[in-house]
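Hey, can you work out the whole structure from these sequences and the hints?
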Amino acid sequence: MSTMGAVEQIKPDGLLRECEDDPARVDAYLPCEDKETHASFLLTLNNGDLVCAWFAGSEEGKPDVSIYFSRLSKGSDRWEGEVKLSDDPERSEQNPVLFETPNGELWLLYTAQLYHGQDTSIVRRRISRDQGATWDPVELLFDEPGIFIRQPMVVLDNGTWLLPVFHCRPIPGERWHGHNDVSAVKLSSDRGKTWKEYEVPNSVGAVHMNVLDRGNGRLLAFYRSRYADHILRSVSTDFGQSWTAPSATAQPNNNSSIQVSALSDGALVLVFNSVNAAAFADRRYARENLRTDGGQAAQIRRAVWGVPRTPLSIALSYDDGVTWPEQRDIQVGDSAPLKDPDSKAERHGRELSYPTVTEGPEGTINVAFTFFRRAIKFVRFPRKWVSSGNSVASSS
126 MSTMGAVEQI KPDGLLRECE DDPARVDAYL PCEDKETHAS FLLTLNNGDL
176 VCAWFAGSEE GKPDVSIYFS RLSKGSDRWE GEVKLSDDPE RSEQNPVLFE
226 TPNGELWLLY TAQLYHGQDT SIVRRRISRD QGATWDPVEL LFDEPGIFIR
276 QPMVVLDNGT WLLPVFHCRP IPGERWHGHN DVSAVKLSSD RGKTWKEYEV
326 PNSVGAVHMN VLDRGNGRLL AFYRSRYADH ILRSVSTDFG QSWTAPSATA
376 QPNNNSSIQV SALSDGALVL VFNSVNAAAF ADRRYARENL RTDGGQAAQI
426 RRAVWGVPRT PLSIALSYDD GVTWPEQRDI QVGDSAPLKD PDSKAERHGR
476 ELSYPTVTEG PEGTINVAFT FFRRAIKFVR FPRKWVSSGN SVASSS
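Going by this note's numbering, the first residue of the sequence shown is number 126, and it counts up by one from there.
By construction, these hints were calculated from the structure, which means they are not laboratory data. None of these values were measured; they are calculated from a predicted model. Please note: incorrect hints may appear among the correct ones.
Derived lysine-lysine pairs resembling DSS-like cross-links, with alpha carbons at most 25 Å apart [to be verified]:
no., residue 1, residue 2
1, LYS209, LYS187
2, LYS199, LYS209
3, LYS209, LYS160
4, LYS160, LYS136
5, LYS509, LYS187
6, LYS160, LYS199
7, LYS136, LYS209
8, LYS160, LYS187
Have a look at this one:
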């Protein structure tokens, strides 16, 4: 079992190190030096390199937040130094998504919002034609205020490109707080030149839509729940043009990001915070109380925030996400009650969150995640590690 002590022990040098008390596992802290780091995204390129993007700056939502990129070359034991890929002095640039097109281009997609205004977000793009060595200028992809992304783009088996999105919609008369968000997919039949959107029905509160192609037009989607109750799931049988309404799975969710990926044998791997609001009455809160004037706001369920973002867990499913019989904690942090739920520093200080997961070489699994908002942590372990016990890597 690996033990992680104080935050001061973080070594953001990118070196993969074997855990002292868990030799099956290697860990690394990506080379990032900013005050706050968050929302990493892993992608294995066709040449075998593993690349990662994340956002960093003084604080999420502020205009000094930019997108960064690093590479773990095939066979290497060290992540390369970070490369800054965005720098808009007026917008906070967040939630990077990496996508390698069938013709070998590497796309970076990301959101760009005005100060603390997620409902002002637009989506931008940069393209690399040499697998991330150099990048074309920044382009505007979607100029729809409030549009957000987080999860992978998918090339369906009929050739359609699918990008899951969600729309940050404030309640009229209020600031945006996540109460009224909905999910949709963007579909393109011309390799990203034009897009058509299809909304997921009854998806208020279901965000971070994560789509998997199961073949012959059948798609699975998994969602973060704004209500901090359960991971949600829905299905499409027509290549994403229509969806069942998101419904609760047995897996908990704390109103924080998850990620699901399909392994080469068809099994699904899920990385998530295995807690929800039910056990944390002292931590959960809605940022604004219900209005009582009989208006629209009174009819809308409120998002739940403040539930701990720990432990970070991994699970495997062999029935398309209906059950998850194998599960293990990757890392556990401190979930002490918050003294001030409106303090970003206190809410974020102890979180292990926003995981990203890919299949690695020789039957391994790669995971990266936000570590205390002070680093992006990378771990690699064999698949059998998930079912080999419930020992926990402690971060406190």
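Query raised in the report: Which hints, by number, does the structure contradict?
Result: 5, 6
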